[in-house]
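Using the hints provided, position chain B relative to the given structure of chain A.
Just so you know, the protein sequences line up as chains A and B, in that order.
Position one of the first sequence corresponds to residue 1 (the working numbering), numbered consecutively onward.
Position one of the second sequence corresponds to residue 107 (the working numbering), numbered consecutively onward.
Any given hint could turn out to be false.
To be verified - Going by beta-carbon spacing under 7 Å, a handful of chain A positions derived as facing chain B:
{"no.": "1", "residue": "Leu8"}
{"no.": "2", "residue": "Glu10"}
{"no.": "3", "residue": "Leu15"}
{"no.": "4", "residue": "Lys16"}
{"no.": "5", "residue": "Val23"}
{"no.": "6", "residue": "Ile57"}
{"no.": "7", "residue": "Ile71"}
{"no.": "8", "residue": "Trp74"}
Hints are computed from structural coordinates only; laboratory data are not their basis.
Positions of the beta carbon are idealized from the N, C-alpha and C atoms, including for glycine.
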Amino acid sequence: MSEMDRDLEERFSQLKHYDRGRVPAYEHIVGLPRPRWRPAPLLVAALLVVALGGGLIVKSRGSRADAVHSIADWTSPTAGLLRTPGSELMSTVPSVTESVITLEAQ
Amino acid sequence: MNTELAHQLALSHQENYAWALGCCGRDAREAEEVLQAVYLKVLEGRARFDGRSSLKTWVFAVIRRTAAQHRRLHMFAGLRMRALAEVPEPPDPGDVEEALEHRQRRDQLWRALDRLSRRQREVVLLVFYHEHTIEEAATVMGIGVGSARTHYERGKARLRELLKETP
Numbered sequence: 001m002s003e004m005d006r007d008l009e010e011r012f013s014q015l016k017h018y019d020r021g022r023v024p025a026y027e028h029i030v031g032l033p034r035p036r037w038r039p040a041p042l043l044v045a046a047l048l049v050v051a052l053g054g055g056l057i058v059k060s061r062g063s064r065a066d067a068v069h070s071i072a073d074w075t076s077p078t079a080g081l082l083r084t085p086g087s088e089l090m091s092t093v094p095s096v097t098e099s100v101i102t103l104e105a106q
Numbered sequence: 107m108n109t110e111l112a113h114q115l116a117l118s119h120q121e122n123y124a125w126a127l128g129c130c131g132r133d134a135r136e137a138e139e140v141l142q143a144v145y146l147k148v149l150e151g152r153a154r155f156d157g158r159s160s161l162k163t164w165v166f167a168v169i170r171r172t173a174a175q176h177r178r179l180h181m182f183a184g185l186r187m188r189a190l191a192e193v194p195e196p197p198d199p200g201d202v203e204e205a206l207e208h209r210q211r212r213d214q215l216w217r218a219l220d221r222l223s224r225r226q227r228e229v230v231l232l233v234f235y236h237e238h239t240i241e242e243a244a245t246v247m248g249i250g251v252g253s254a255r256t257h258y259e260r261g262k263a264r265l266r267e268l269l270k271e272t273p
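Isolated chain A, as found in the complex (with noise of 0.2 Å):
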């Protein structure tokens, strides 16, 4: 053994007779008041987290639900500018025996 090791033996051993005389009794720890169980201040936090971030996932689904539903109703902003005069002619097929005054009428 080291003279390092010896040292730290000695030290230690010096440490052990300093704690030896303050010891609690055992029937002081034993019966010491029970913990009451209170929630630690992280376990509330987390739950607080997890409360909040399952209400801003409903919440998201929600709104993704509405989406999908008023894709199909969607126009364009410019659709508008898309209808010009006498567009309508190309929409439909005109007939041979209608007279131009019909035509014109309609």
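This is chain B only, laid out in the frame that chain A set:
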């Protein structure tokens, strides 16, 4: 309640308290709370001795685990005090100068131990203070013997350096 176990705990109480104190960074109040929790766990059968090691080694392992749980629970509650301030220091009888020198040596040792990693501190305490073998220390700490030996050698070397450094 198991009276034989209670008797065994009472017999090893001094050693148990010293180890709890070591696991709680010399915080006497925390050590008492941890030890109470351990005794209640053992006496109420929530922790069962399976006979794979000696009773002392097993109780030490329960103390170590309970101290770690206690530390985690109170990490954010601000209940963990710094060790040396918590240890009551009644005046030593006898020669005042000698008592003062002893106190300085104890404080120096604890400051140095405090700067070791947790595992190094635990294995050094178990071997030097509690006179465990490396194998027993490994069982208490729940690690392999090789790993315990590495922590012991490194811890001891670092402790030597720190004791040389600090006056």
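Taking the hints in turn, this is what the structure says about them:
no., hint, in the structure
1, Leu8, "holds, 6 Å"
2, Glu10, "violated, 9 Å"
3, Leu15, "holds, 5 Å"
4, Lys16, "holds, 6 Å"
5, Val23, "holds, 5 Å"
6, Ile57, "violated, 26 Å"
7, Ile71, "violated, 46 Å"
8, Trp74, "violated, 49 Å"
In summary, the numbered hints that this structure violates are 2, 6, 7 and 8.
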